[in-house]
Amino acid sequence: MDEKDLLLLQLLEENSRLTTREMAVMAEIAPDEIEARIAALESAGVIRSYSAVIDWERAGNGEVSAIIELKVNPERDYGYDRIAERIARFRQVRSLRLITGTYDLQLTVTGKNMQEVARFVSEYIAPMDRIRETATHIIMKSYKEHGRTFCEKEGSERIPYSL
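So for the sequence shown, the numbering used here puts the first residue at -11; every next one is plus one.
If you're looking for bench data, these hints aren't it; they were derived computationally from the structure.
Owing to the predicted nature of the structure, the values given are computational and were not obtained by experimental measurement.
Just to be clear, a hint being listed does not mean it is correct.
Claimed, not checked - When the alpha-carbon atoms are kept at most 16 Å apart in a straight line, the in silico EDC-like pairs for lysine to aspartate or glutamate are as follows: (1) LYS132 <-> GLU1; (2) LYS(-8) <-> ASP20; (3) LYS129 <-> ASP43; (4) LYS59 <-> GLU121; (5) LYS59 <-> ASP69; (6) LYS132 <-> GLU45; (7) LYS(-8) <-> GLU10; (8) LYS(-8) <-> GLU21; (9) LYS132 <-> ASP43; (10) LYS59 <-> ASP117; (11) LYS129 <-> GLU45; (12) LYS129 <-> GLU51.
Please take these sequences and the hints and turn them into a complete structure.
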């Protein structure tokens, strides 16, 4: 992957709605070459999908999100992959990552309310083979998601000063 591809990926990550012409101007690459490079990146699986970053709080859907951390006994010959594949199938799971530290897997889940999230964890995740421990953290407010800040300044905000 060369510098031009990396630049295109950065542009798309910042705003996937840019037109080919806009990207051509920004990257100083011909529009035909932009289209060919993007098609190649899609075919190679580097670009997996295009999506919008939604402020669900502002949209008023009332859903609750939580971060669930899991301690897992890895499976011989498969490590964490098979348990992760099983967990990823649930529609409530928005993201799933293998992490370092005290816990092994971290997932972000959504539900209609806190009770639905708790029920999902207690009925579907915690009882799974190889899950040793769970920790649930309800997301109270998002300030930034996928590189997009949700904080909006109203007027000029003064930061208090004290000694």
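Evaluated hints:
1. LYS132 <-> GLU1: OK: LYS132 and GLU1 at ~15 Å, within 16 Å.
2. LYS(-8) <-> ASP20: The given pair, whose Cα atoms are some 14 Å apart, holds under the 16 Å limit.
3. LYS129 <-> ASP43: This hinted pair holds, its Cα atoms lying about 10 Å apart.
4. LYS59 <-> GLU121: holds (5 Å)
5. LYS59 <-> ASP69: Answer holds: LYS59 to ASP69 is near 14 Å, not above 16 Å.
6. LYS132 <-> GLU45: holds (12 Å)
7. LYS(-8) <-> GLU10: The hint holds at about 15 Å.
8. LYS(-8) <-> GLU21: holds (10 Å)
9. LYS132 <-> ASP43: holds (9 Å)
10. LYS59 <-> ASP117: Given pair LYS59, ASP117 holds - Cα atoms ~11 Å apart, limit 16 Å.
11. LYS129 <-> GLU45: Measuring from Cα to Cα gives roughly 8 Å; hence the hint holds.
12. LYS129 <-> GLU51: Distance ~12 Å between LYS129 and GLU51 Cα, so the pair holds.
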